[in-house]
Each structure stands twice: as structure tokens, then as C-alpha cells.
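Visitor: With the hints as your guide, set chain B onto chain A.
Line by line, the protein sequences give chains A and B. All residue numbers for the first sequence refer to my numbering, where the first residue is 1 and numbers rise by one. All residue numbers for the second sequence refer to my numbering, where the first residue is 1 and numbers rise by one.
By construction, these hints were calculated from the structure, which means they are not laboratory data. One should not assume that every hint holds.
Example chain B residues on the side facing chain A (calculated, C-beta under 10 Å, incomplete) [claimed, not checked]:
1) Arg90
2) Tyr97
3) Gly160
4) Ser218
5) Thr219
6) Leu233
7) Ile310
8) Ile320
9) Gly321
Derived PhoX-like pairs (lysine-lysine); straight-line CA-CA distance at most 25 Å [what the hints assert, rightly or not]:
10) B:Lys128 x B:Lys289
11) B:Lys329 x A:Lys207
12) B:Lys304 x A:Lys84
13) A:Lys113 x A:Lys221
14) A:Lys113 x A:Lys84
15) A:Lys29 x A:Lys113
Even glycine gets a Cβ: it sits at the ideal position worked out from N, Cα and C.
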Amino acid sequence: MRITRFMILGAVLALASAVAQASTLEEVKARGVLNCVVTTGLAGFAAPDENGRWEGFDVEFCRAVAAAVLGDGEKVRFVPSTGKTRFTLLNSGEGDILFRNTTETMSRDTDLKLTFLPVNYYDGQGFLIRKDSGITSAMDLSGASVCIQTGTTTELNLADFFSSNKMDYEPVNSETNEESIANYTSNRCDTYTTDASALASTRAALKDPSAHIILPEIISKEPLAGAVRHGDDNWTDIAKWVVNALIIAEELGVTKANLHDHCAAAGDNPSINRLCGTEGNMGAFIGLDAQWAVRAIDNAGNYAEIFNATIGPDTPLALERGLNASWKSGGILYAAPIR
Amino acid sequence: MKPISYKIGEHPDLPPPASVTGPLAWVRNNLFSSPTNVVMTLVSVWLLFELIPPMLNWMLFDAAFSGENRDACRAQAGGACWAFIAERFRLFTYGFYPAEERWRVNLAFVLLLLALVPVLYDRLPLRKYGLYYSMVFPLIAGWLLLGGWGLAPVDTDQFGGFMLTLVIGVTGIAFSLPIGILLAMGRQSSLPVIRLVCVGFIEFIRGVPLITLLFVASTMLNYFLPKGTVFDLLLRVLIMVTLFASAYMAEVIRGGLQAIPKGQVEAAEAIGMKYWQSMRLVVLPQALKISIPGIVNTFIGLYKDTTLVIIIGLLDPLGIGRSSLADTKWTGLHNEVYLFVAIFFFISCFSMSRYSLYLEKKLQTEHDH
Numbered sequence: 001m002r003i004t005r006f007m008i009l010g011a012v013l014a015l016a017s018a019v020a021q022a023s024t025l026e027e028v029k030a031r032g033v034l035n036c037v038v039t040t041g042l043a044g045f046a047a048p049d050e051n052g053r054w055e056g057f058d059v060e061f062c063r064a065v066a067a068a069v070l071g072d073g074e075k076v077r078f079v080p081s082t083g084k085t086r087f088t089l090l091n092s093g094e095g096d097i098l099f100r101n102t103t104e105t106m107s108r109d110t111d112l113k114l115t116f117l118p119v120n121y122y123d124g125q126g127f128l129i130r131k132d133s134g135i136t137s138a139m140d141l142s143g144a145s146v147c148i149q150t151g152t153t154t155e156l157n158l159a160d161f162f163s164s165n166k167m168d169y170e171p172v173n174s175e176t177n178e179e180s181i182a183n184y185t186s187n188r189c190d191t192y193t194t195d196a197s198a199l200a201s202t203r204a205a206l207k208d209p210s211a212h213i214i215l216p217e218i219i220s221k222e223p224l225a226g227a228v229r230h231g232d233d234n235w236t237d238i239a240k241w242v243v244n245a246l247i248i249a250e251e252l253g254v255t256k257a258n259l260h261d262h263c264a265a266a267g268d269n270p271s272i273n274r275l276c277g278t279e280g281n282m283g284a285f286i287g288l289d290a291q292w293a294v295r296a297i298d299n300a301g302n303y304a305e306i307f308n309a310t311i312g313p314d315t316p317l318a319l320e321r322g323l324n325a326s327w328k329s330g331g332i333l334y335a336a337p338i339r
Numbered sequence: 001m002k003p004i005s006y007k008i009g010e011h012p013d014l015p016p017p018a019s020v021t022g023p024l025a026w027v028r029n030n031l032f033s034s035p036t037n038v039v040m041t042l043v044s045v046w047l048l049f050e051l052i053p054p055m056l057n058w059m060l061f062d063a064a065f066s067g068e069n070r071d072a073c074r075a076q077a078g079g080a081c082w083a084f085i086a087e088r089f090r091l092f093t094y095g096f097y098p099a100e101e102r103w104r105v106n107l108a109f110v111l112l113l114l115a116l117v118p119v120l121y122d123r124l125p126l127r128k129y130g131l132y133y134s135m136v137f138p139l140i141a142g143w144l145l146l147g148g149w150g151l152a153p154v155d156t157d158q159f160g161g162f163m164l165t166l167v168i169g170v171t172g173i174a175f176s177l178p179i180g181i182l183l184a185m186g187r188q189s190s191l192p193v194i195r196l197v198c199v200g201f202i203e204f205i206r207g208v209p210l211i212t213l214l215f216v217a218s219t220m221l222n223y224f225l226p227k228g229t230v231f232d233l234l235l236r237v238l239i240m241v242t243l244f245a246s247a248y249m250a251e252v253i254r255g256g257l258q259a260i261p262k263g264q265v266e267a268a269e270a271i272g273m274k275y276w277q278s279m280r281l282v283v284l285p286q287a288l289k290i291s292i293p294g295i296v297n298t299f300i301g302l303y304k305d306t307t308l309v310i311i312i313g314l315l316d317p318l319g320i321g322r323s324s325l326a327d328t329k330w331t332g333l334h335n336e337v338y339l340f341v342a343i344f345f346f347i348s349c350f351s352m353s354r355y356s357l358y359l360e361k362k363l364q365t366e367h368d369h
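With the rest of the complex left out, here is chain A (with noise of 0.2 Å):
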């Protein structure tokens, strides 16, 4: 007797646990908000605009996972966080993904329970420093105080550098990369480190940027990549294949602009028809439609039309590809086939 209602509730529990357990997919189509975890706030990366639009690298990945999923881009809430309680803001479920120019490391990745997906950003740390210092070289740096963010790989990094290279430095920390920039403006420290893509900004935008340098010396690599929490391979699946939708698309020529000619019908190259949908039905293996990819590619064109929008050539970060070119032209950007 009293075992048989044992097992009811045992039962009863088990029941209530699996309803519970909503698969990502479902929480997402039926909240119908993709909850995207972003920086409170770096140049070219995610950041408001003055209608408190978010605008950003990021944020236009967020925006086509969102297309891809929900139809539409608009439907993103941004979470904004902090170094520190960006994975806690993933794991405990007040993201669906995350994309925070956060660095793809083993521990991250394993301790830390996240999946990454495909790198779509590879940086690595280096140092600003001021040109009337007279310091042309990171191993020059011994004694100096440094303005660092707390929680992030650089700040790791920092730390191995100087202890392999037998160095002391002061680290002058801060919370968030708008205040390492003040500290740094503020001469309350000697150089200034994080993602090289970073720094440019940031010199770009001092006061006399030809009175600073950014030192040779890049000391780790940084790839950057978007990731959701470990437990939902559909989700996980989901998201991957939009990152590498967006790069394959420029591999392949397909862009915002041209996108609906390509798709309109199959046509003769058939990696194009995939990608469209018009051959095959990819979208089903991720438990969406066939038209996936070209609702993320509709938001805001692929990965080099996203990539010179926000932080290319002709805005104000004004990066280079660099290793972020697409393997097709001497860069690392390497998406694996859709197919």
C-alpha cells in the first residue's frame, strides 16, 4: 500500500520533471523572445544606439538566430552582463545563447558546462601603451601597472605573460571595459590590455590616438564565439548552423541583396540550394523549415556584410579582416558544408 503511493508520486514527479524540461526550441517559439546574453556595452560589438536599439558584431548574430528560429530579428531580448555574470546569466536559463565576445577555452567550455559554436572572431590580447613612455616592447613592460577588466581570459593571460617571461606588473582593475578605458585616459596606469580588436577602437577613439601605440606583441590567441549552455544538442545544433550559414554564405556570394534571386528557385550550384532550402530539406534536421538560413542571411546579409557594418574598414573601429577573412581569401574563417 504505502509503496504503491510511493511510486505514484515518484511517478507524479517524474511526469512533472519531464514537462518541466522543455526543450530550448519549445521555450523559445512559444515565449516568442530569443533572450540573447550581450556586453553591457563595447564599441562595435553590442552597444545601444541613441533610440536604445542594440547595434553590434554580436548583436546581429543574436538578431539571425532569432530570424532563423522566429521568423523574425526583431524578436531578441538583449540581456546585457558583465565579464563575470555572463555564464551564470547562460546557465541559469536568463539567456537562450550567448554572444559576448567571449574567448572559447577548455575550461569554459568543460567546467564551466557551455557549448560553443563556430568561432566568428579571431582575436588576440595585446598592449596600448603611450608613445611618450618610450616602451616599443611587451617585454619592456616590467614594473608597469596595468588596467585590466576582472573575470576575462586577459586577465588570465596578463598573468601567465609576465610570470613565464619573469616580469612583475600592478594590475589596476575595473569592471567593465568602458572604465579600464577611463582609468587608462586617466593615467592611472602605464598600458592598457585586452583584444587587439579592442584596442584599435580604443586608440581610435582617444583624444590624440597618434600619441599612443599599440605594442607588436600579441600574447594569446582569443577566438571568440558565440555559445549556449551544455544539455540541448537540438539548440545547440540550432545555433551552430546559423553561425555557419552566415560564413558560408559568404563564401558562397550570397548576400542580403542578391539572397532572393538565389532563392527564388533552385538553381544550378547545388551548395546554393541548400543553403536556400530549394534542394533538400535541411531545416528539418534542426526542427525548422526549409527556409533557416535564408531568414538568418535576410537579417542583416552574411558574415562579411555584418563584419564591415559594425567593425570593418569604414566605421570607426575600422578593423581589417585580417584572420577573419574567409579561408577563400588568406583568412581562417573555415565553415563546415551545409549538407
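Guide: This is chain B only, laid out in the frame that chain A set:
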């Protein structure tokens, strides 16, 4: 000139000699009365001379008030670039609140001011009815800001800027005072259960930093609640901030309660008052009066603590300022942003502390020790 003569006893009082009255004497008495004072005065004047003109120059005379971006500002003037703040002013004020619904925020703000009048000034005619309005104001404000019943719904994650500060600050202030009074009374209660609960609550909350509570509210709760539970982040923050302020408020008010001599309670009991009557009519009015500086201090602390919400991803004015600085058009204009936000907080906090002084003066009674 013929000397004027007076009869004995009719000579009018002469004005005090010029050396003890008038601005010159004031200057001599207050600024140059001793060698130390002379030195300090000179140093201060020099400091002001060094600081004020460049500051005014930066803020006003050499500042740019219009421009498309930072470079346009820099081209016009070498000082502050207020065009940045002007362009972002609406973002600073309303956060991400939809543009076409912003009149609701404005209306709620005007209604808030109206609701404050009867609370703050007791000489208002028909004050009783005004207070009824003040009591329903939170409902009206909630409806206006959140929508529903005929208004377009607005999610709380679109709240931001000054409006967010006011929502958190006003809610925290309005609810922490009554909860704090109850907790303070509970802590002194003769019923052990009530006393233990109140002491436990107060000591627990005071033992934990606000930022930890906010963290718990924003992320930990989601681990405990069943997956998929939607529990509004702002609501969680409001509850945490209110509880936090209540615990501090309780201790401030306990200080006031303990300053009331036991004879007062005994006298109230002697004329047949019950516990609540004696509290309401005898003890609390006196205790609260003594506690005013402490209460307002807690209010101001709470109000400024609202900037901590950036840690959990809500963008208060400081957060909006920081993320605005990441706009490639405007990067590098830290001073303008921080100064602007500082002025906003100074105005709010200074008026609170002025009001508390006014209240203290008004409630000043002869038999104060």
C-alpha cells in the same frame, strides 16, 4: 559745520563702528582673524582660482552643445561635448521604453509628484483625500508603466535610465518604511516567536551585501524555481531592495524606540491604552521624529544603491551611460557622462536631505533635550 547738540538722555543710539559690522568686518573676523586663518584663506582662494575657471571653461564656455559625433564636437570646441548627452537624453531618461508609449512614463512621473505632495506637506487642505490618492498611486503607476487594460503592455526589461532608478528607489522607500517599523516593533516584542523571526530576518539581511542579494535574485532563483517559471527580474530586484532597506530601516527605528523612556509606555498603559494604541499615539510619533536623520540617511543610501543593478544587467543611468560610451560615434566622453549622472543623483539626494532638515525643524518641540 555746526555741531548738533542733544539734550541729556535724548542722544540717539549710534550705529556700531564700521570695524565690527558690515562685509569688511565679516571678512576680517572670519577669514583673516589669525595667521593660520590668513594662510588658509589665501590657499583656498588660490585653489578656487585654479579650479573654477578651467572647470567653467570646460563645462560651458569651451563646450560643444551640438554636433553629429565626437569628432564634430572636438572640431567645435576643446571642452565638454554636451551634444552626446543631448542625443542620448531620452535613452538616459526612459531607457528602452518604447518611444510611442513614453507619455505614460511622463504621466506617471507627474502623478508621482502629485502623490508626494499630501505625504510631504501636512498643511494641505483636504489632505485626507490626498493621502487616499497617494495610497492608490502605486497601482496607477504600475498600470501606466506596465500596461494592460487598454494600454499596450511593456516588459520590465525595457525599463531603464532615470525611470528605472525612480521605480526602484520610490518602491524601496515607500515599502521599506512600514516594513521597517513593523520589524523594529517585532524585534522588541515580548512574544518570543515574533522576536526571533524579526531578529533573524534583520541580522541575516544585514549580514549579506546588497550585491549578493541582487545576484541571488537574478541568477540563483532560477536554479531553484522549476525550469520555465517566469518571475519578472525587476520584481525580484524590487523585492530584494525593499527587504534590504527594511532591515536597515528597522535598526534605525529601533534606535528611536529605545530612546523613548519606559515611563511613556507605562503612562499610556496606565490610562488604559492597548499596545497598538500606545504605539500609534505615544511611542512611534516620538521615536520616528528622533529617527528622521537616520531614516532619510537610509533612503539616500538605498537610492544610490540602485546603481548596483548594472551588475545583474539592468541599465540604470550609470549603465546607460556606460553602454552609450561604447557607441563608436561617441567613445571617450567619460567625463560628460559621469558628470551628468552625478548631477542627477545630487539633485535627488540633496532634495531628500533638505526635506529631512525641514521636517526636523518643523517637528522641533520645546521639551527636546
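Visitor: All the hints need checking, so say for each whether the structure fits it.
Guide: We went through each hint and held it up to the structure:
Hint status for Arg90 of chain B: holds, given a least beta-carbon distance of 7 Å to chain A, under 10 Å. Below 10 Å, beta-carbon pairs count as interface contacts, and Tyr97 of chain B has one with chain A at about 8 Å; its hint therefore holds. The interface hint given for Gly160 of chain B holds, since its Cβ lies 8 Å from the closest Cβ of chain A, which is under the 10 Å cut-off. Given hint, Ser218 of chain B at the interface with chain A, holds; its Cβ is 7 Å from that chain's nearest Cβ, closer than 10 Å.
For Thr219 of chain B, the suggested interface contact is upheld, since its CB lies about 4 Å from the closest CB of chain A, less than 10 Å. Residue-level restraint check for Leu233 of chain B holds (minimum Cβ-Cβ distance to chain A is 8 Å; threshold 10 Å). At about 7 Å, the closest approach between the beta carbon of Ile310 of chain B and any beta carbon in chain A falls short of 10 Å, and the interface hint on this residue holds. The interface hint given for Ile320 of chain B holds, since its Cβ lies 8 Å from the closest Cβ of chain A, which is under the 10 Å cut-off.
Hint status for Gly321 of chain B relative to chain A: holds, with the closest Cβ pair at about 8 Å, below 10 Å. Annotation: proposed proximity of Lys128 of chain B to Lys289 of chain B holds, straight-line Cα distance about 21 Å (limit 25 Å). This hinted pair checks out: Lys329 of chain B and Lys207 of chain A have alpha carbons roughly 13 Å apart, not beyond 25 Å. At most 25 Å may separate the alpha-carbon atoms for a hinted pair to count; Lys304 of chain B and Lys84 of chain A meet this at roughly 22 Å.
Restraint check for Lys113 of chain A and Lys221 of chain A: satisfied, since their Cα atoms lie roughly 21 Å apart, inside the 25 Å limit. Taking the CA atoms of Lys113 of chain A and Lys84 of chain A, the gap is near 15 Å; set against the 25 Å cutoff, the hint holds. Proposed proximity of Lys29 of chain A and Lys113 of chain A is supported: the alpha carbons are some 24 Å apart, at most 25 Å.
Taken one by one, the earlier hints all hold for this structure without exception.
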